[in-house]
Amino acid sequence: MDFIKTHIEFDHKHTSPLVSCRFSPNGENVFFGAEDYKVWRWNWKEDTKIEFKTDAWVMSLAFSNDGETLITGGYDGRLMWWSSTADSPEPIRIIDGHEGWIRALAVSPDGKLLASVGNDRVIRLWNLADGTSVKEFHGQPEGSEGAIRHASYIYNVAFHPEGKSLVTGDLMGQLIEWSLDTGVPQRAWTAESLSKYDTGFRAQIGGFRSLLFNSDGSKLYASGITNVSNAFAGIGNPSIVEFDWKEGKQLIEYLSKPKLQGVAWGAAVHSDGTIIGAHGGSNGNLMFWKPGEAEAAFQLKLPQNARALHLHPGEEHVAVACSDGHLRIYRLGPKA
Amino acid sequence: MKSFAMCGSVEHQMARRGFLGIMGGAIGLGATLPQSLTAGLSQQNKQMLVVFLSGGVSQLESWDPKPMTNTGGPFRAIPTAVPGIHISELLPKTAQHMDKLSLIRSINTRNGDHGKGSYQMQYGRNQMPGLEFPHLGAVTARSLERSNSPLPGNIRIPGGGRSRDAAYLGPRFASVGADGKPPANSTRHESLLSEADQMRHAFQRRANERFLSMRRTAETDLYTQSYEQAMQLMDRREVFDLTKEPEADHVRYGNHDFGQHCLMARRMLENDVPYVQVSHTNYDTHNENFNFHLEQLAEFDTPFSCLINDLHERGQLSSTLVVVMSEFGRTPKINVRYGRDHWGTAWSICLGGAGIQPGAVIGKTNDNGTQVIDREVNHGDLFHTYLSAVGLDSSSSFNINGRELPLADPAHSPIHELIR
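Keeping their order, the protein sequence lines are chains V and F. Counting from 29, one number per residue, gives the positions in the first sequence under our numbering. Counting from 18, one number per residue, gives the positions in the second sequence under our numbering.
Hints are supplied without guarantee of correctness; some may be wrong.
Keeping only pairs whose Cα atoms sit at most 20 Å apart, straight-line, the calculated SDA-like set for lysine to any residue is [to be verified]:
| no. | chain 1 | residue 1 | chain 2 | residue 2 |
| --- | --- | --- | --- | --- |
| 1 | F | Lys110 | V | Glu127 |
| 2 | V | Lys66 | F | Thr86 |
| 3 | F | Lys350 | V | Ala261 |
| 4 | V | Lys41 | F | Lys110 |
| 5 | F | Lys381 | F | Asp116 |
| 6 | V | Lys81 | F | Asp116 |
| 7 | V | Lys274 | V | Gly245 |
| 8 | V | Lys163 | V | Glu118 |
| 9 | V | Lys66 | F | Asn87 |
| 10 | V | Lys140 | V | Gly245 |
| 11 | V | Lys363 | V | Pro341 |
| 12 | V | Lys66 | F | Ala94 |
| 13 | V | Lys81 | F | Met85 |
| 14 | F | Lys350 | V | Gly245 |
| 15 | V | Lys224 | F | Asp274 |
| 16 | V | Lys81 | F | Asn165 |
Just the calculated beta-carbon pair ranges, DEER-fashion [unchecked claim]:
| no. | chain 1 | residue 1 | chain 2 | residue 2 | range |
| --- | --- | --- | --- | --- | --- |
| 17 | F | Gly147 | V | Thr227 | 31 to 41 Å |
| 18 | V | Ala175 | F | Ala315 | 17 to 27 Å |
| 19 | V | Glu118 | F | Pro96 | 25 to 35 Å |
| 20 | V | Asn311 | F | Met85 | 21 to 31 Å |
| 21 | V | Asn258 | F | Lys261 | 49 to 59 Å |
| 22 | F | Asp266 | V | Tyr225 | 17 to 27 Å |
| 23 | F | Ala265 | V | Lys285 | 49 to 59 Å |
| 24 | F | Gln388 | V | Asn54 | 31 to 41 Å |
| 25 | F | Arg392 | V | Glu173 | 36 to 46 Å |
Keep in mind that the hints were calculated from the coordinates and are not lab data. This one's a predicted model, so the numbers in the text were calculated from it and none came from an experiment. Where is the CB? At the ideal position from N, CA and C, for every residue including glycine.
Sequences and hints are given; from them, build the entire structure.
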């Protein structure tokens with residue numbers, strides 16, 4: 029990928045700031061959530077748009093493997109199943125999935141399970157086909173010695189590519205691996221740099237804005253904010269941390285150069301190994317790293333703050349949801 | 018304006034002496050209140066509790082939610098104990114007590130500065146160079162003074178020492194910090210035997226009496242009274258010891274700082290302190306307003322609702338005004354960092370107890386909270402309302418060395434329809 033020639037190819041102006049985005053599995057549409065309490069399907073080549081009335085901010089979007097079904101996870105705690113291709117979408121199914129915000133969704137590699145996480149600190153597995161509850165993971169009883177459980181809001185979830193476990197990460201920076209068979213937490217460790225208690229403002233800042241594996245599952249990537257000096261002004265640096273999955277050890281922390289202020293709201297790993305991050309806070313940037321090199325190899329300034337990033341299935345484009353209501357599609361290379 | 022309290026008086030000097038100085042300052046000479054105003058007030062045992070949410074809590078995430086609008090943010094509004102009144106879902110426990118509380122949703126203080134806003138809300142006026150006015154706590158402590166109590170009348174939680182926030186009312190009404198522990202140096206030194214200590218005090222009293230028989234003045238009376246009151250307070254040092262509260266209450270209120278501070282506030286009110294102020298920090302959420310309000314208001318909701326519940330069940334709420342305030346609110350517009358910025362144009366407070374009509378909503382903002390559209394009030398009106406709610410005539414004055422100095426800004430008046 030010749031990321032130095034990355035450039036904007038499509039730009040859609042929406043009427044409300046955006047909060048999330050995701051390409052459909054066939055890559056023809058981008059679905060995005062907005063502050064208008066709706067999700068929108070945008071055909072980025074034809075510039076047509078269809079609304080999905082979710083009545084909530086939706087930060088998490090997931091699809092069935094065939095792309096026919098969209099599942100939205102709302103900040104009202106509701107999971108909603110939709111036909112992703114409908115002309116006048118109506119929810120197929122609505123489930124009160126969590127108490128409080130749903131912060132993230134993930135689909136198992138075989139496409140059968142949907143995992144949802146959020147503020148109630150419970151990991152829930154659903155049959156993606158019919159929405160029935162499959163399992164709940166709560167962790168070990170509170171107060172027991174060495175108990176592994178989430179003590180704060182769960183920010184993200186990802187299935188391991190081998191399909192036997194999943195990983196969750198919370199506000200406090202704790203990562204937990206869970207067995208899909210037993211629901212028992214296998215191990216826990218902390219991404220020290222991605223969470224901090226700000227003693228001045230007396231609040232915890234951090235958490236995992238993205239959590240994803242590389243294709244063979246040997247590495248786990250987590251994005252967020254590090255080096256926070258003022259939580260309430262968002263003074264810190266965007267960061268993507270790479271872990272060795274087997275050992276649960278941090279391998280490297282990818283940082284911007286020159287240092288940017290804000291959060292890495294989204295991350296993606298290209299099949300050629302390039303790590304891509306989307307930054308927002310003080311303006312916005314796309315950031316690119318060569319694997320194993322901590323300093324960004326290239327940064328492209330965006331017209332406004334990024335709030336979400338998704339890599340196109342064809343890996344030639346990324347979608348960036350921005351605070352100014354624009355959904356921007358960047359080509360990762362020279363003009364066609 | 019000259020601060021009459023900073024005149025080198027005995028009263029002032031004593032206020033600078035650590036614990037004994039602090040406690041000695043709890044009595045003495047100073048401003049006089051018209052007899053008609055003070056008469057009967059101590060019998061009513063009115064008190065005031067202010068919970069100050071530092072940094073500026075968002076009205077949209079607390080008392081005036083606007084869900085499903087372009088400014089509403091991600092949180093929902095929930096019903097409360099009062100049909101028709103909805104508050105943010107971040108306050109589920111407080112919502113159950115809204116039948117004891119009221120809301121003012123139409124505050125416009127025309128200010129977005131922390132320092133100025135903090136002054137406005139706690140002094141009831143705009144800050145003006147060269148002029149010193151007493152803090153709400155000092156006005157309350159002076160007006161609702163318990164003349165026979167050795168305890169300070171104006172307690173600030175958390176904190177330590179005595180502040181200089183009483184202006185012309187004098188340091189004895191200035192706030193004294195309490196942190197849940199008995200004040201330092203408030204016990205007899207272990208090297209001093211009890212008998213020797215008693216003999217020491219007896220000798221001092223005899224010397225005082227001899228001196229007073231020949232040269233009695235107001236200052237000598239003050240000195241003697243202060244000394245005796247400090248001695249009495251040493252016997253009551255456990256009032257400040259939060260460990261004396263039942264363990265179950267520590268758990269119920271929460272073992273975090275704000276939980277313990279609310280429990281301390283309950284203890285102070287039970288001990289008949291006229292004014293108690295608790296601070297909870299911080300709400301200055303320019304970045305990630307929603308995540309931080311989720312975090313902070315979760316910490317606020319449980320102990321605050323415990324406190325309201327306990328005051329109610331113990332029969333204290335009918336005589337105790339409770340006010341939850343900030344220096345301002347936060348912008349309806351959500352910024353690029355999911356933050357909200359400073360906003361004094363259209364915001365809210367919650368209050369209840371004492372003379373406040375319960376279950377009321379005063380004023381209204383427009384559909385997305387960008388402006389007040391009914392019954393606009395400001396910090397001056399609020400200050401009058403607080404004083405009226407504890408039975409004071411907020412249009413009356415203190416007589417300070419012959420000068421009439423109004424309790425509250427005469428340019429404003431109470432929200433009469435909120436006072437019962």
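Evaluation of the provided hints:
A hinted pair counts as satisfied when its Cα atoms are at most 20 Å apart, and Lys110 of chain F with Glu127 of chain V qualifies at roughly 15 Å. Proposed proximity of Lys66 of chain V and Thr86 of chain F is supported: the alpha carbons are some 12 Å apart, at most 20 Å. Our distance criterion of 20 Å between C-alpha atoms is met by Lys350 of chain F and Ala261 of chain V, whose separation comes to about 16 Å. Only pairs whose Cα atoms come within 20 Å are accepted, and Lys41 of chain V paired with Lys110 of chain F is rejected, the gap being roughly 41 Å.
Between Lys381 of chain F and Asp116 of chain F, the direct Cα distance comes to roughly 19 Å. Compliance with the 20 Å bound is thereby established for this hinted pair. Among the hinted pairs, Lys81 of chain V with Asp116 of chain F is inconsistent with the structure: their alpha-carbon atoms are about 35 Å apart, more than 20 Å. Proximity of Lys274 of chain V to Gly245 of chain V is assessed by CA-CA distance (about 9 Å); at most 20 Å being required, the pair is judged to hold. Between Lys163 of chain V and Glu118 of chain V the CA atoms are separated by roughly 27 Å; this puts the pair beyond 20 Å, and the hint is violated.
At most 20 Å may separate the alpha-carbon atoms for a hinted pair to count; Lys66 of chain V and Asn87 of chain F meet this at roughly 12 Å. Note on Lys140 of chain V and Gly245 of chain V: the hinted pairing holds, with a Cα-Cα distance of about 19 Å set against a maximum of 20 Å. The straight-line distance between the Cα atoms of Lys363 of chain V and Pro341 of chain V is roughly 19 Å, inside the 20 Å bound, and the hint therefore holds. About 18 Å separates the Cα atoms of Lys66 of chain V and Ala94 of chain F, which keeps this hinted pair within 20 Å; it holds.
Using a Cα cut-off of 20 Å, the hinted pair Lys81 of chain V and Met85 of chain F holds, with the two alpha carbons roughly 12 Å apart. Straight-line distance between C-alpha atoms of Lys350 of chain F and Gly245 of chain V comes to about 41 Å, which puts the hinted pair past the 20 Å bound. With a CA separation close to 18 Å, the supplied pair Lys224 of chain V and Asp274 of chain F stays within the 20 Å bound. For the proposed pair Lys81 of chain V and Asn165 of chain F, the alpha carbon gap of about 65 Å is over 20 Å, so the pair is violated.
At roughly 36 Å, the beta-carbon separation of Gly147 of chain F and Thr227 of chain V lies within the given 31 to 41 Å, and the hint holds. For Ala175 of chain V and Ala315 of chain F, the hinted distance range of 17 to 27 Å is satisfied, since their beta carbons lie about 21 Å from each other. A hinted range of 25 to 35 Å for the beta carbons of Glu118 of chain V and Pro96 of chain F is consistent with their spacing of about 27 Å. Between Asn311 of chain V and Met85 of chain F the C-beta distance comes to about 30 Å, which sits within the given range of 21 to 31 Å.
Between Asn258 of chain V and Lys261 of chain F, the C-beta spacing of about 38 Å breaks the proposed range 49 to 59 Å. Distance hint for Asp266 of chain F and Tyr225 of chain V: a CB-CB separation of about 26 Å, consistent with the stated range 17 to 27 Å. At about 55 Å, the beta-carbon gap between Ala265 of chain F and Lys285 of chain V stays in the expected band of 49 to 59 Å. A hinted range of 31 to 41 Å is violated for the C-beta pair Gln388 of chain F and Asn54 of chain V, which are about 47 Å apart.
The hinted range of 36 to 46 Å is not satisfied by Arg392 of chain F and Glu173 of chain V, whose Cβ atoms lie roughly 57 Å apart.
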